[in-house]
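2 protein chains.
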Amino acid sequence: MSANRAAGPTTALALRAVPRWDAEADVVIVGLGAAGACAAIEAARAGARVRVLERAGGGGGTTAVSDGMMYFGGGTALQRACGFEDSVEEMFRYLSAACGPEPDEARIRVYCEQSAAHYDWLVELGVPFKAEFYPGRMLSPGEEGLTYSGNELVHPFRDQAVPAPRAHMPQKEGQAGALLMQKLCAEVERAGVEIATNVLCERLIVDEDGRVVGVAATEAGVTRHDRAHRGVVLCAGGFVNNREMIRQYAPALRKARFRASTEGDDGRGIRMGMGAGGAAIRMSMGSVTLPFYPPKQLMRGIFVNRYGQRFMPEDVYQGRAGEIALLQQEGRVWLVLDDESFERPVFAGGEVHAAETIEELERELGFAPGSLAATVALYNAGAERGEDPLFHKAFEHVVPLRTPPFGAIDLSWDKAIYAAFTLGGLATDTLARVLNADGAPVPGLWAAGRTAASISSPGYSSGTSIGEAQIFGRIAGRSAANA
Amino acid sequence: MSANRAAGPTTALALRAVPRWDAEADVVIVGLGAAGACAAIEAARAGARVRVLERAGGGGGTTAVSDGMMYFGGGTALQRACGFEDSVEEMFRYLSAACGPEPDEARIRVYCEQSAAHYDWLVELGVPFKAEFYPGRMLSPGEEGLTYSGNELVHPFRDQAVPAPRAHMPQKEGQAGALLMQKLCAEVERAGVEIATNVLCERLIVDEDGRVVGVAATEAGVTRHDRAHRGVVLCAGGFVNNREMIRQYAPALRKARFRASTEGDDGRGIRMGMGAGGAAIRMSMGSVTLPFYPPKQLMRGIFVNRYGQRFMPEDVYQGRAGEIALLQQEGRVWLVLDDESFERPVFAGGEVHAAETIEELERELGFAPGSLAATVALYNAGAERGEDPLFHKAFEHVVPLRTPPFGAIDLSWDKAIYAAFTLGGLATDTLARVLNADGAPVPGLWAAGRTAASISSPGYSSGTSIGEAQIFGRIAGRSAANA
Chain A
1 MSANRAAGPT TALALRAVPR WDAEADVVIV GLGAAGACAA IEAARAGARV RVLERAGGGG
61 GTTAVSDGMM YFGGGTALQR ACGFEDSVEE MFRYLSAACG PEPDEARIRV YCEQSAAHYD
121 WLVELGVPFK AEFYPGRMLS PGEEGLTYSG NELVHPFRDQ AVPAPRAHMP QKEGQAGALL
181 MQKLCAEVER AGVEIATNVL CERLIVDEDG RVVGVAATEA GVTRHDRAHR GVVLCAGGFV
241 NNREMIRQYA PALRKARFRA STEGDDGRGI RMGMGAGGAA IRMSMGSVTL PFYPPKQLMR
301 GIFVNRYGQR FMPEDVYQGR AGEIALLQQE GRVWLVLDDE SFERPVFAGG EVHAAETIEE
361 LERELGFAPG SLAATVALYN AGAERGEDPL FHKAFEHVVP LRTPPFGAID LSWDKAIYAA
421 FTLGGLATDT LARVLNADGA PVPGLWAAGR TAASISSPGY SSGTSIGEAQ IFGRIAGRSA
481 ANA
Chain B
1 MSANRAAGPT TALALRAVPR WDAEADVVIV GLGAAGACAA IEAARAGARV RVLERAGGGG
61 GTTAVSDGMM YFGGGTALQR ACGFEDSVEE MFRYLSAACG PEPDEARIRV YCEQSAAHYD
121 WLVELGVPFK AEFYPGRMLS PGEEGLTYSG NELVHPFRDQ AVPAPRAHMP QKEGQAGALL
181 MQKLCAEVER AGVEIATNVL CERLIVDEDG RVVGVAATEA GVTRHDRAHR GVVLCAGGFV
241 NNREMIRQYA PALRKARFRA STEGDDGRGI RMGMGAGGAA IRMSMGSVTL PFYPPKQLMR
301 GIFVNRYGQR FMPEDVYQGR AGEIALLQQE GRVWLVLDDE SFERPVFAGG EVHAAETIEE
361 LERELGFAPG SLAATVALYN AGAERGEDPL FHKAFEHVVP LRTPPFGAID LSWDKAIYAA
421 FTLGGLATDT LARVLNADGA PVPGLWAAGR TAASISSPGY SSGTSIGEAQ IFGRIAGRSA
481 ANA
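Residue numbers (the numbering used here), protein chains in the order written: chain A, 1 to 483; chain B, 1 to 483.
Okay, chain A solo, but in the shape it has when bound (with noise of 0.2 angstroms):
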């Protein structure tokens, strides 16, 4: 707890070592992205004087650059105005079923309990969505409010709660993210919050009792000490572009190429919850997208490892594909088509191979003989009936693979697009507090957005990261405010 030596962000500052107080506030967030930002409104709302400290120019964050993507559930006003039943219950079997082993089922609770009213929250801050559902399985190309971006609708999730598309977005052609971020950082400014921008945050100081009791940040080079009469709450981001995290911590997110992020996202927050005792949990998770459709048809290929095995069933979400090609299978995947279902992904990039059969592919793809036969042939036999036994494809996507030429897209790590972003993060509990490692919050400290564990490690599902964060965010400002 040293001022003396040079500190990383994990090295709380002790408050004796602060020399001065450069500016006051009941509370101070670390991070205007979508977390800070709704924890400042609420904060502010509650009646607490608040300051936030951004690092960069000005608000946004991750949120930004984002698709603006937000899952929620529970019976939203969109949902039901585009004819879709859903309950709290239902969105919470799916979400405990889909977020990975030992769920944090209270928090996911909380998430589908506020999930309904908080979307009313952001269409009464002018956050516009057009009610209308897009079908499609992918990110929306329009102006559609509602669709689905989980496995809601895959084996084994469709059998375990009744579907319902939960990714709400706001009207706008393209990537919605940077009008949700207006919208709630003209309300920060609307609620008096004094924003300070290219500030970069450093370090917790912490008292003699080890409450959190203020941050020590850099300004245009200039040390300053903020102090925070009733708490901290770090909303920065999480740790994907922090090499050296990523090879202490989630080694296997390593060969992820692209980073859905910002420069923000080097862990300074979680180091800097660390420092004053917050435990980081499920360090190793991550969100992995390989989004190898659309176009859509290229569901009805089959997904191979380098056993020239199936591994998953090929209409599962791209963020679930992801996860499953990277973090199970080593990131060695090859799509495999006939020349009636191929084409190129959209997005994904990757290496085309094409043989005349498919023991030629085989050969050309340095399988061992007989193995990609025998899987296409089991699925071709299944597929005659209609049927997937193996992985249990939704019905239209299943077609046996018998038109040659017979092609097979390499979608390995080093080939294709996988898109990584961090998921572990401090531990909190339902007030966003974060909390050591005896399961006691640290006093004075809470966190929201991705330098908090998410609920899904993994299991990502599409919009949970800017719900969480905003969900959170706002409970941290009201915790926080009201401490």
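Calculated directly from the structure, the hints in this document are not laboratory data. You may find that some hints are simply not true.
Now the stretches of chain A that chain B is said to cover, found in silico as 3 or more residues with beta-carbon under 8 angstroms [claimed, not checked]:
#, segment
1, 93-105
2, 275-284
3, 292-301
4, 425-438
So the derived label-pair ranges between C-beta atoms look like this [unchecked claim]:
#, chain 1, residue 1, chain 2, residue 2, range
5, B, F347, A, E359, 39 to 49 angstroms
6, B, A394, A, A381, 24 to 34 angstroms
7, B, E340, A, A377, 50 to 60 angstroms
8, B, E387, A, T403, 24 to 34 angstroms
No residue lacks a Cβ here, since even glycine has one placed at the ideal position from N, Cα and C.
Model the placement of chain B on the given structure of chain A, informed by the hints.
Relative to the frame of chain A, chain B by itself:
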């Protein structure tokens, strides 16, 4: 850092809150297993006053309830006496390939370089080894000193480094861990180390600069404070027996119902280190052993997952078999055999299914029609030629499965013995200093044994745990004594 509220091990105690020192030493060591004993011996030999605090009634730790196998190489006297050549470089090559993605090459190199000399050190302490090689691929049933305990002979590792047997076992029928610890503990006493048993360490004590200066502990219900002038070495085991930590950090390990551990493996040492700023890394990793052989002839079977697909060479080391089966196949696996190869596993348990044909067995197991049949046909086609083109199982185990009745032993996680322990822990450097998440040493703090993150993460070869404990324990003792 408050002494006022009830605090768990993760909350360090501030020096100013220490009422008095109940004992003083240069180096305080937490835990008297293999790591603690080695640290104590070296610290005392370096001239330090050393005090060891052990929670149990006597020394031993998890090593004392183990088989006592130690992974050493690079040309130990025992390897040479048994007629095997080995070098530091080949050992380094094997471990770097085997120890998971992004292996910690700096620590692996130190481990390999010091391995042969450490073996001599043990012999000097009176640990007996019989210069006889045991060719079996399982725990030695007798007194032989040397065997294989990893995947040195298994594809793909056999092509990546020149294989050599590296498992060194003290000469004793059955479990040799207790004998090993008896010799180490005797030397601890001879070295003049002060040993306090039945003392449960609670928290580290840190001064205003964040330096670790002592340990708060409980003895007979009373809190005591032991000062460490030069530093504290945490050698308090792993966390496989802490259910909540497993849930938070290593959820995939929860299905391993057997734990290679003592009750001391409750994560306390790791949490104490975190409380002083140490980073806990690779916490999701574990060693998982599925002892599906002996008898050795079971390697002639084929392991299949719930899709009826093979997923590993069946001559794989038991430690790797468990990791792959539990962590990559969700613990749902069956060993398929014919009448010639069938026997019951000696240790693993499991549930036997039998049928006259493979198709019948497939139905009996609830597999998709044709799935297992295709796998067996492909395997047999290769086996007829004496080959396993898919997984490269060693020639002598490759025999077609064609003699009815056919059997499948259900070795799923809820039917069979999976024995686990944790490999994640505090980040340490080549001097066994505990590092924070910025990579900087926590002043006054060292760790060794399973309290430190293993060189294996995962990719365990049996004997590296006790090997690491000893080699890095000794380094920690010397480094702390000279601090």
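Going down the list of hints, with the structure as the test:
| no. | hint | verdict |
| --- | --- | --- |
| 1 | 93-105 | holds (count 3) |
| 2 | 275-284 | holds (count 8) |
| 3 | 292-301 | violated (count 0) |
| 4 | 425-438 | holds (count 4) |
| 5 | F347/B <-> E359/A: 39 to 49 angstroms | 42 angstroms, holds |
| 6 | A394/B <-> A381/A: 24 to 34 angstroms | 33 angstroms, holds |
| 7 | E340/B <-> A377/A: 50 to 60 angstroms | 27 angstroms, violated |
| 8 | E387/B <-> T403/A: 24 to 34 angstroms | 32 angstroms, holds |
This entry does not satisfy hints 3, 7, going by the numbered hints stated previously.
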